[in-house]
Amino acid sequence: MARGFAGTTLHVDLTRGTILRQPTDEALFRRWHGGRGVVAKICYDEVPRDADPLGPENVFIITTSPMSGCLIPAGSKVEFGSVSPLTNGQGDSNMGGHLGPALKFAGYDMVIFKGISPQPVYLTIDNDAVELKEASAYWGMKSLDLEKRLKEDLGEDFEIATIGPAGENGILFSCITHDFGRQAGRTGQGAVMGSKRLKAIAVRGNKSLHVHDRAGLTKHVTDIIKRTQKHPNMEPWQKYGTAFFIRWSNDNGVMPTRNFQTTYYEDTDKIDGDQLVEKCLITHKACFGCWMNCGKYTKAVIPGKPEVHLEGPEYETGSLCGANLGMKDINHVAYINWLLDNLGMDSMSGGGVIAFAMECFERGLVTEKDLEGHQLRWGSVDDVEHFLDMVAYRRGIGDWFARGTKQAAERIGRGSEKFAMQVKGQEMSGYDGRWAPGMLLSYMTADIGAHHNRSWTITVDIAEGRETIQGRAKIVVYLQHIRPLMDTWCICRLFWGELDITPEEIVETLNLITGWGVTPEDCLRTSEMTWNLNRCHYLERNRADGRTFDYPPARSWEDKIPTGPGKGKGVSREQVEAMLDDYYAARGWDQKGNPTRAVLEDLGLKDAADNLERIGLLGAPLSGGIPAVRGQKYKPKAF
Amino acid sequence: MIIFFKAGSELRHRLNPDVDYYTRRVEADPGKSVKDILKDLGLDPAFVAFVYVEGKVKNLDYVPSEGQTITLQPPVSGG
Amino acid sequence: MNSKTPISAKDSYQRIKVSRDQCTGCRLCLQVCGLMHFDEINPKKAAMRVEAKFPDPGKYRPYVCTQCGKCAEACPVGAISQNDKGAFIVDKAMCDNCGACVTACPFGVVFQHPDLDFVIICDFCMICTEMCNTGAIVPWMRKAAAGDAEAARG
Numbered sequence: 001m002a003r004g005f006a007g008t009t010l011h012v013d014l015t016r017g018t019i020l021r022q023p024t025d026e027a028l029f030r031r032w033h034g035g036r037g038v039v040a041k042i043c044y045d046e047v048p049r050d051a052d053p054l055g056p057e058n059v060f061i062i063t064t065s066p067m068s069g070c071l072i073p074a075g076s077k078v079e080f081g082s083v084s085p086l087t088n089g090q091g092d093s094n095m096g097g098h099l100g101p102a103l104k105f106a107g108y109d110m111v112i113f114k115g116i117s118p119q120p121v122y123l124t125i126d127n128d129a130v131e132l133k134e135a136s137a138y139w140g141m142k143s144l145d146l147e148k149r150l151k152e153d154l155g156e157d158f159e160i161a162t163i164g165p166a167g168e169n170g171i172l173f174s175c176i177t178h179d180f181g182r183q184a185g186r187t188g189q190g191a192v193m194g195s196k197r198l199k200a201i202a203v204r205g206n207k208s209l210h211v212h213d214r215a216g217l218t219k220h221v222t223d224i225i226k227r228t229q230k231h232p233n234m235e236p237w238q239k240y241g242t243a244f245f246i247r248w249s250n251d252n253g254v255m256p257t258r259n260f261q262t263t264y265y266e267d268t269d270k271i272d273g274d275q276l277v278e279k280c281l282i283t284h285k286a287c288f289g290c291w292m293n294c295g296k297y298t299k300a301v302i303p304g305k306p307e308v309h310l311e312g313p314e315y316e317t318g319s320l321c322g323a324n325l326g327m328k329d330i331n332h333v334a335y336i337n338w339l340l341d342n343l344g345m346d347s348m349s350g351g352g353v354i355a356f357a358m359e360c361f362e363r364g365l366v367t368e369k370d371l372e373g374h375q376l377r378w379g380s381v382d383d384v385e386h387f388l389d390m391v392a393y394r395r396g397i398g399d400w401f402a403r404g405t406k407q408a409a410e411r412i413g414r415g416s417e418k419f420a421m422q423v424k425g426q427e428m429s430g431y432d433g434r435w436a437p438g439m440l441l442s443y444m445t446a447d448i449g450a451h452h453n454r455s456w457t458i459t460v461d462i463a464e465g466r467e468t469i470q471g472r473a474k475i476v477v478y479l480q481h482i483r484p485l486m487d488t489w490c491i492c493r494l495f496w497g498e499l500d501i502t503p504e505e506i507v508e509t510l511n512l513i514t515g516w517g518v519t520p521e522d523c524l525r526t527s528e529m530t531w532n533l534n535r536c537h538y539l540e541r542n543r544a545d546g547r548t549f550d551y552p553p554a555r556s557w558e559d560k561i562p563t564g565p566g567k568g569k570g571v572s573r574e575q576v577e578a579m580l581d582d583y584y585a586a587r588g589w590d591q592k593g594n595p596t597r598a599v600l601e602d603l604g605l606k607d608a609a610d611n612l613e614r615i616g617l618l619g620a621p622l623s624g625g626i627p628a629v630r631g632q633k634y635k636p637k638a639f
Numbered sequence: 001m002i003i004f005f006k007a008g009s010e011l012r013h014r015l016n017p018d019v020d021y022y023t024r025r026v027e028a029d030p031g032k033s034v035k036d037i038l039k040d041l042g043l044d045p046a047f048v049a050f051v052y053v054e055g056k057v058k059n060l061d062y063v064p065s066e067g068q069t070i071t072l073q074p075p076v077s078g079g
Numbered sequence: 001m002n003s004k005t006p007i008s009a010k011d012s013y014q015r016i017k018v019s020r021d022q023c024t025g026c027r028l029c030l031q032v033c034g035l036m037h038f039d040e041i042n043p044k045k046a047a048m049r050v051e052a053k054f055p056d057p058g059k060y061r062p063y064v065c066t067q068c069g070k071c072a073e074a075c076p077v078g079a080i081s082q083n084d085k086g087a088f089i090v091d092k093a094m095c096d097n098c099g100a101c102v103t104a105c106p107f108g109v110v111f112q113h114p115d116l117d118f119v120i121i122c123d124f125c126m127i128c129t130e131m132c133n134t135g136a137i138v139p140w141m142r143k144a145a146a147g148d149a150e151a152a153r154g
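Chains as they are written, first to last, in the numbering used here: chain A, 1 to 639; chain B, 1 to 79; chain C, 1 to 154.
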């Protein structure tokens, strides 16, 4: 088989404790390319539409792509996927580090778990030796602590991924942790792993990978490496990672501040990239094959607390657990990052949940009595520490917040839904969309809720007009195709997207490895196919017109930005509706937000169209027909 | 005074680098901000997300000193 | 060719200097080493290693050959000898993969692999230093006064 593949897929039945080895389904990967693509297809085909995401019928997939580990820079990502308990749709999340390549070098492209183990287990993979082992001694341990312990018990050269107590306890935004600080954070993959009583995975391998054209690949990659080594964009990434973005975000009035109450934080200079590098940095940290080393391994030093080590905070955590919580010290932000990492909760949703709870406390909707005699004040790291403990162990009102802001707001009521900053159940990334309408549309329409990884448009909004929605929808659609290709190929967008490497060069790399001979257009269609399949899956599970689920929280149009460069700005309800109209038209969906047969069949998804039709959710045909090409690449005016 | 601008991506083409592949030598009035110097060169500062000078991230209001190399950072894709 | 061949340390020998605090753990060095010598994508066929020490102190430590010669001294069949670049070269036909050199190496940079019937020792081709973009491993010519082991360990 070769051509990038390791060759074997593992099927693990946790209920029966069996492991089946099968040759990797190359046709599946050829059609869906890998990563997020195969996750979408397997979830759609194998998980019953009424299955509980935390029940035995959900799958839990760990996958790579033919590109992973194959001598390319930043081919480090490993993708996790399942039906998400947070959004009730297809969910996927990936992380860098070294686990994906380790799986390939051990001989495996993918591991698919089904069922639920009767007792806690962990999976060890040591080349051909694959075992499910008893994990009762490890159950209850925190994520980072467990990784250290497993490296001691098994060997330092094992690559390890763990869940913490949050994943064990089914906190819906639980994450998976690896390499002492990389996370697969979004969509609650840690909760799915925990529901299966799978505590950890440990992988080690020393086999070789083979590609279609190794000489050609070596030359192609060496040229790219030499060209990018001195690229001007490289240095700030190497020094700060994404933390350099904190100041930019604030200066441009998109910084989520105190639960997105405003978009400019007056104490940004206490929590920005310079603070991180000057006060907290221990070492720069790279993923497999990438010397951009955007990872920042740091220490949080707070008088009265033990010194802790963590990777981060990168931009998202720095904003969502920084300005969004009113923190005034980078050490406090880092400490909260560490708490979330070790307990095993997504630091993005974590920041969003804490901020939401802080606003509830501010408004008297949550009281000291609810918080076991504690408060939850903006800027208090001690209050946050206690609150997170209640959430991770589901004590009292912690149980409500453990379900995410959407479900917490449903229980708290009294208008709190307005400022539960989420879409489809997943909390917003670290950019406020009121003065960046394309970004708001990105949040509204992403398959996994309010996440920026599918589409990020803030510089487009700034260039084209922050108070107009003109032309935004087509650009969002294009971005929703091209960006997730990185998750499909399990390569890192920060390297392959920020250093002038063209889509043609990336696809050439893919072809040199696999011999597939695909074009960039083919790849965009594959990504669009994945996008539409996930939409169909979502509608089938949630049984209502798509438009129902595509609205942002009411704060987005009701509350104009009160302070900072964006003061007085905000989208209107009419603009929100108009953006959805534009978006559905651009996608070839009907105005209820349902995919039409024309676009689904154009993408080879006739069965999905039939399934939607059977439940009355197939989109009505568009009178003017569907656009021939969906989505349009943004061409900056000045360039 | 003399300063140097350095950029990759499409900014690089607009910059007309003359020192090396990425770098352009610029005659600038002392006391002017990067934003104003870019405008004097006919470059729209809206397409520079921020600047990087001597190992630190600054914004477009930064006022360069003689001989400095200012790296112009284009829009990034978020993270 | 016999195990009593004197081992020398000359100023003209090509060495690798490790600045260990610069290492960020990317392992590109291991990837290109395996590729250069075995034409395969396999970081476990490299002639050096990178240790990750987390969470404490939170650093990476690359280990490279210091040309100390203990592998050659330990070899019972005289399969390892020093070339004029200073590198210790394994005669693959003579090596019977007994692993005595692996045990003797003070830095754990002599390697065995299930695919091979001979050991892997760095030949100082220097491609790893070309790939490293952080300066953690750089070409270096030996200076008489510097402690060899320290320079290689960083």
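These are calculated hints, taken from the structure and not from any lab test. For every residue, glycine included, the Cβ atom is placed at its ideal position computed from N, Cα and C. A portion of the hints provided could be inaccurate.
[Stated by the list, open to error] One-sided and incomplete, this derived list gives chain C residues near chain A with beta-carbon spacing under 8 angstroms:
no.: 1; residue: Ile-89
no.: 2; residue: Asp-91
no.: 3; residue: Phe-107
no.: 4; residue: Asn-133
no.: 5; residue: Gly-135
[As the list claims (entries may be wrong)] Not everything, but these chain A residues come out facing chain B in the computed CB check (under 10 angstroms):
no.: 6; residue: Ser-136
no.: 7; residue: Trp-139
no.: 8; residue: Trp-248
no.: 9; residue: Glu-368
no.: 10; residue: Leu-371
no.: 11; residue: Glu-498
no.: 12; residue: Trp-557
no.: 13; residue: Gln-575
no.: 14; residue: Ala-578
[Stated by the list, open to error] Straight line, CA to CA, 25 angstroms or less: simulated SDA-like cross-link-like pairs of lysine to any residue:
no.: 15; chain 1: B; residue 1: Lys-35; chain 2: A; residue 2: Glu-467
no.: 16; chain 1: A; residue 1: Lys-114; chain 2: A; residue 2: Tyr-538
no.: 17; chain 1: A; residue 1: Lys-151; chain 2: C; residue 2: Phe-107
no.: 18; chain 1: A; residue 1: Lys-226; chain 2: C; residue 2: Phe-107
no.: 19; chain 1: A; residue 1: Lys-418; chain 2: A; residue 2: Arg-493
no.: 20; chain 1: A; residue 1: Lys-230; chain 2: B; residue 2: Lys-32
no.: 21; chain 1: A; residue 1: Lys-226; chain 2: B; residue 2: Asp-44
no.: 22; chain 1: A; residue 1: Lys-279; chain 2: C; residue 2: Phe-107
no.: 23; chain 1: A; residue 1: Lys-633; chain 2: B; residue 2: Lys-32
no.: 24; chain 1: A; residue 1: Lys-328; chain 2: A; residue 2: Gly-396
no.: 25; chain 1: C; residue 1: Lys-53; chain 2: A; residue 2: Glu-152
no.: 26; chain 1: C; residue 1: Lys-53; chain 2: A; residue 2: Arg-204
no.: 27; chain 1: A; residue 1: Lys-219; chain 2: C; residue 2: Met-36
no.: 28; chain 1: C; residue 1: Lys-92; chain 2: C; residue 2: Phe-38
no.: 29; chain 1: C; residue 1: Lys-59; chain 2: A; residue 2: Thr-367
no.: 30; chain 1: B; residue 1: Lys-32; chain 2: A; residue 2: Asp-251
no.: 31; chain 1: A; residue 1: Lys-114; chain 2: A; residue 2: Arg-49
no.: 32; chain 1: A; residue 1: Lys-299; chain 2: C; residue 2: Gln-22
no.: 33; chain 1: B; residue 1: Lys-32; chain 2: B; residue 2: Glu-54
no.: 34; chain 1: A; residue 1: Lys-328; chain 2: A; residue 2: Thr-367
no.: 35; chain 1: C; residue 1: Lys-59; chain 2: A; residue 2: Lys-114
no.: 36; chain 1: A; residue 1: Lys-226; chain 2: C; residue 2: Gln-14
no.: 37; chain 1: A; residue 1: Lys-219; chain 2: A; residue 2: Arg-204
no.: 38; chain 1: B; residue 1: Lys-58; chain 2: A; residue 2: Asp-269
no.: 39; chain 1: B; residue 1: Lys-35; chain 2: A; residue 2: Arg-363
no.: 40; chain 1: A; residue 1: Lys-299; chain 2: C; residue 2: Lys-53
Unsatisfied constraints (hint numbers, rising): Violated hints: 1, 2, 3, 5, 6, 7, 9, 10, 12, 13, 14, 18, 19, 20, 21, 22, 23, 24, 29, 35, 37, 39; rest satisfied.
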